[in-house]
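Undergrad: Please put together the full structure from these sequences, using the hints given.
Number of protein chains: 2
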Amino acid sequence: MEKVNLAAKLSAFDALFSPKIVARMNEYKIAVVKTKGEFVWHKHDDTDDFFLVLKGRLRIQLRGLPDVVLDPGELFVVPKGLEHCPRADEETHVLLIEPYGTPNTGNAGGPLTAAEETI
Amino acid sequence: MEKVNLAAKLSAFDALFSPKIVARMNEYKIAVVKTKGEFVWHKHDDTDDFFLVLKGRLRIQLRGLPDVVLDPGELFVVPKGLEHCPRADEETHVLLIEPYGTPNTGNAGGPLTAAEETI
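Chains A and B, in that order, are what the protein sequence lines are. First residue of the first sequence: 9, per this note's numbering; consecutive thereafter. First residue of the second sequence: 9, per this note's numbering; consecutive thereafter.
The hints are simulated quantities; they were obtained by calculation from the structure and are not laboratory data. For glycine and all other residues, C-beta sits at the position ideal for the given N, C-alpha and C. Mixed in with the good hints, there may be bad ones.
[As the list claims (entries may be wrong)] Just a few of them, taken from the derived set where beta-carbon distance is under 7 Å, the chain B residues facing chain A: (1) Leu14; (2) Met33; (3) Glu82; (4) Leu83; (5) Val85.
[To be verified] Dumping the calculated SDA-like pairs for lysine to any residue here, alpha-carbon to alpha-carbon at most 20 Å: (6) B/Lys88 <-> A/Tyr108; (7) A/Lys88 <-> B/Asn34; (8) B/Lys37 <-> A/Gly81; (9) B/Lys88 <-> A/Arg32; (10) B/Lys28 <-> B/Thr121.
TA: This is how it looks when you write it as structure tokens:
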């Protein structure tokens, strides 16, 4: 029952590609993540994937489609089942929304798979 | 399959208390709304209610609890079933997320009830 200041939450950690949950809405986790460099190609067969850029610039590569490039104040929802790979040349901060239990690496798994950590 | 620039969407309308849907994530609507003044006390028995302030300042009055005051970059999720009433002294822009079919006025109804309009 407390408000969430996104900048304050983002100042509390440094790890890249490691989403931190800051709030819950029904069965969804609201998370912030810091990215720099390329993530991993993956998809989520059961859910859309919400991205809102807070700082920096995020390029979301989409399999077979043009990239989507997001600046602060821009959002994109990757449709379920569409393979995608986020990439950021500079450190970029993003608000993510997905159902609880959705792994950040989707079907790909691997070393970038993060635990669902709340801060 | 297009990105959403929130400022551009917000520049496309003037109406207050009239959420405009800008994206869809699974069964949820992502909307922007302009508010100024007091909304109406209401609750949503079936869903939490997500608010992220983009511009201005939003005071969310909560029945029996202290107000939550949100500045830009701050979010709050009103728990399902909790009566609340947003109020803004200046024009305030907010990102809202709720399931499709959730009326903006919840159980209260009345003249401020808005259609689900996508822009």
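Undergrad: Give a verdict on every hint.
TA: Status of each hint after checking the structure:
{"no.": "1", "hint": "Leu14", "verdict": "5 Å, holds"}
{"no.": "2", "hint": "Met33", "verdict": "5 Å, holds"}
{"no.": "3", "hint": "Glu82", "verdict": "5 Å, holds"}
{"no.": "4", "hint": "Leu83", "verdict": "5 Å, holds"}
{"no.": "5", "hint": "Val85", "verdict": "5 Å, holds"}
{"no.": "6", "hint": "B/Lys88 <-> A/Tyr108", "verdict": "18 Å, holds"}
{"no.": "7", "hint": "A/Lys88 <-> B/Asn34", "verdict": "8 Å, holds"}
{"no.": "8", "hint": "B/Lys37 <-> A/Gly81", "verdict": "17 Å, holds"}
{"no.": "9", "hint": "B/Lys88 <-> A/Arg32", "verdict": "12 Å, holds"}
{"no.": "10", "hint": "B/Lys28 <-> B/Thr121", "verdict": "13 Å, holds"}
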